[in-house]
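If you read the protein sequences in the order shown, they are chains A and B.
Counting from 1 along the first sequence, just add 1 to a position and that's the residue number in the working numbering.
Counting from 1 along the second sequence, just add 1061 to a position and that's the residue number in the working numbering.
What the hints contain is simulated information worked out from the structure, not anything from laboratory work.
Every residue, glycine too, gets a C-beta built ideally from N, C-alpha and C.
Accuracy of the hints is not assured; some may be wrong.
Stated by the list, open to error - Covered stretches of chain B, as calculated for chain A (at least 3 residues, CB under 8 Å): (1) 1081–1089; (2) 1151–1162.
As the list claims (entries may be wrong) - Pair ranges (Cβ atoms, derived): (3) P198(A) - E1196(B): 20 to 30 Å; (4) L170(A) - T1139(B): 53 to 63 Å; (5) S15(A) - A1253(B): 37 to 47 Å; (6) V115(A) - P1300(B): 23 to 33 Å; (7) D188(A) - D1064(B): 52 to 62 Å; (8) G226(A) - M1162(B): 50 to 60 Å; (9) D1064(B) - Y111(A): 33 to 43 Å; (10) L1183(B) - G122(A): 33 to 43 Å; (11) V115(A) - M1162(B): 23 to 33 Å; (12) V118(A) - M1162(B): 48 to 58 Å.
Stated by the list, open to error - Derived coverage of chain A by chain B (criterion: at least 3 residues anywhere in the stretch with Cβ under 8 Å from a Cβ of chain B; other residues may be distant): (13) 172–180; (14) 194–207.
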Amino acid sequence: MSAARDSQARRALSALRHDPPAVAGAVVLLALVVVGTAGRWLAPAGVNDVDVDQMLHPPSWAHPFGTDELGRDVLSRVLVAARVSLEVGVVSVGIALLVGAGIGLVAGYYRGWVDNVLMRGMDVLFAFPVLLLAVAIVAVLGPGLLTAMIAIGVVYTPIFARVTRAGVLSVREQVFVRAAVSIGASDLRIIRRHVLPNIAAPLIVQTSLSLAFAILSEAALSFLGLGIQPPAPAWGRMLFDGRGFVTEAWWLGFFPGAAIFLTVLAFNLVGDALRDVLDPRQLTLGEASRSTT
Amino acid sequence: MTDRPVLAVEELTVTLGTRSGSARAVAGVDWSVHPGRTLALVGESGSGKTMSVLAATGLAPRTARVTGRVRLLGEELTALDPRRRRQLRGRHVGFVFQDPMTSLNPVLTVGRQVTEACEEHLGMSRRQARDRAVELLELVGIPSAARRVDDHPHQFSGGMRQRVVIAMALACDPALLIADEPTTALDVTTQAQIVELVAGLQRRLGTAVVWITHDLGVVAGVADTVAVMYGGRIVEQGPVDAVFAAPGHPYTRALLAARPRPGGAGDDLPAIPGAPPSPLELPAGCAFWPRCPVRGDARCEHELPPLTPVGPDHRVRSFYRTGEDR
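One chain only, chain A, in its complex shape:
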């Protein structure tokens, strides 16, 4: 008999501990959160401290990541920009999760014409290339951090709607949902107690993977000058500014690029590991070995 309060979450966590790439990803994410919240104080110099005597210095003890064309400390800018990336990732994926999961729930639970209208709408959004749609939305709303978040949120909404709807469709045919209907439970209660907890796993996985893509999208948008506006630092924007100096000052593009790379990799590693751990088939195997007679 396994422990009485053996929850899915606890099993998932213990399985994650024995997965080195996942641990590495989690460590990077943790560091990122620390940098994101405390970057301003960790940074050795101000992000906009212009020093024309120090223009385009290569990495040194004084400036570990070098300085840019205005003599600003690249390390400080990369550290502070982490906050922007995380904010954009969390807020935009938050929007996509709330709106998408809501649409998917309603579509999958009520079926019929509601389902058709909602999901065809999602299909239309899904048909656009991600960046093209984001650029179009930013063009309508005007460039800036907030509109970038909204644009990215809208772009990732259909994925969440689909994942949610697929989960709802399979859960609502389960006998325990029929049983809940038979005892007279309301739709809201059935959704809250029986449907949502059973589709949490794919949503968690989708969230972690989408965070990576959202951060990439933000980098792309600010690379195109449609995200956060200068002089505020953003990884994508720094990459854009550095592209003119690739031959004489590689460090301008390298460090923000490496930051994007590491962040996206970390989210993907954790997302993949979560997918393995929370996979229903995996769960069934685990259950089979645990169930007692």
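Dock chain B against the given chain A, drawing on the hints supplied.
Relative to chain A, chain B alone:
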């Protein structure tokens, strides 16, 4: 019986709209079940036994058209608005479904699930609900219930899960328990235990039971009355002893003959040739006619035989009194 039936259906008809036309899954069925009694609905897959119960309790699929009269505890269900019907059903009817592996929510503890109906209909607090859950789990014979109330469904075996499902069905002290083939997914020893458990609980609590099954062995063990269904209609109904002693319909006789008997090892069991009719194209006359060993004359093909009394409360839908030549 003079007491009021817990659930009574009259002329219940269920028509399902399908892509290839409308299918009459249930074609005018009457049955009732009284407090403390068990009605067994017997028939093969597609005979309409489950559909008639789902329709009676308002759980038929949305595409189904249901006509007829249904009275639950004297209230005419078909006249009620859906909300009130849902409340009435949830409060007074408990369901046990076929597969205990899928009838429990894998992410909730069994304690939370067992008392879901109580929280919904009796306004119980969390604390009360938990105490009630332990009480119910003890009632259905789950060892160390106080500890296991916090376990998740995957930590229980199939038989134990079915006990949990039964506890769930009994949570609000229902007047009626509907058991839809509750033993089919279980092994034989466990089956016997579950049958015994339900019979014992019924004696203790005075619940009426509708037991849907295709297992005549179970029927003999638990039922007071039996209704044999074929092609959406009742072909024979009556007290279980009378039906088993003198089956009047050729289909009932064939079913009884197809039962394995102790001592008969090695012999082939007699099978009924042919397949049940599609609900899309029911014959005009007797639905069993194409497979019937008696098949007297052209009337069987074109005319629906009426349910004819052959004994006290015992009726048979056949032109021929085949029970007499036994």
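Against the structure, the hints come out as follows:
Closer than 8 Å: that is the beta-carbon criterion, and the stretch 1081–1089 of chain B has 0 residues meeting it against chain A, so the requirement of 3 is violated. Only residues whose beta carbon comes within less than 8 Å of a beta carbon in chain A count, and the stretch 1151–1162 of chain B has 8; three or more means the coverage holds. Taken as a hint, the range 20 to 30 Å holds for the pair P198(A) and E1196(B), whose Cβ atoms sit roughly 25 Å apart. Distance hint check: the CB atoms of L170(A) and T1139(B) are about 31 Å apart, inconsistent with the given range 53 to 63 Å.
Between S15(A) and A1253(B) the CB atoms are about 39 Å apart, so this pair conforms to the stated range of 37 to 47 Å. About 50 Å separates the C-beta atoms of V115(A) and P1300(B), a value inconsistent with the hinted range of 23 to 33 Å. For the hinted restraint 52 to 62 Å between D188(A) and D1064(B), the CB-CB distance of approximately 37 Å leaves it violated. For the pair G226(A) and M1162(B), the beta carbons lie near 57 Å from each other, so the given range of 50 to 60 Å is met.
For the hinted restraint 33 to 43 Å between D1064(B) and Y111(A), the CB-CB distance of approximately 42 Å keeps it satisfied. At about 42 Å, the CB distance of L1183(B) to G122(A) agrees with the hint of 33 to 43 Å. Look at V115(A) against M1162(B): about 31 Å separates their beta carbons, and that is inside 23 to 33 Å. The supplied range of 48 to 58 Å is broken by V118(A) and M1162(B), whose beta-carbon atoms lie about 36 Å from each other.
Interface restraint, the stretch 172–180 of chain A with chain B: holds (5 residues with C-beta to C-beta distance below 8 Å; minimum three). Three residues within the 8 Å Cβ limit are the bar, and the stretch 194–207 of chain A against chain B gives 5, so the coverage statement holds.
Hints 1, 4, 6, 7 and 12, counting from the list given before, are not met by this structure.
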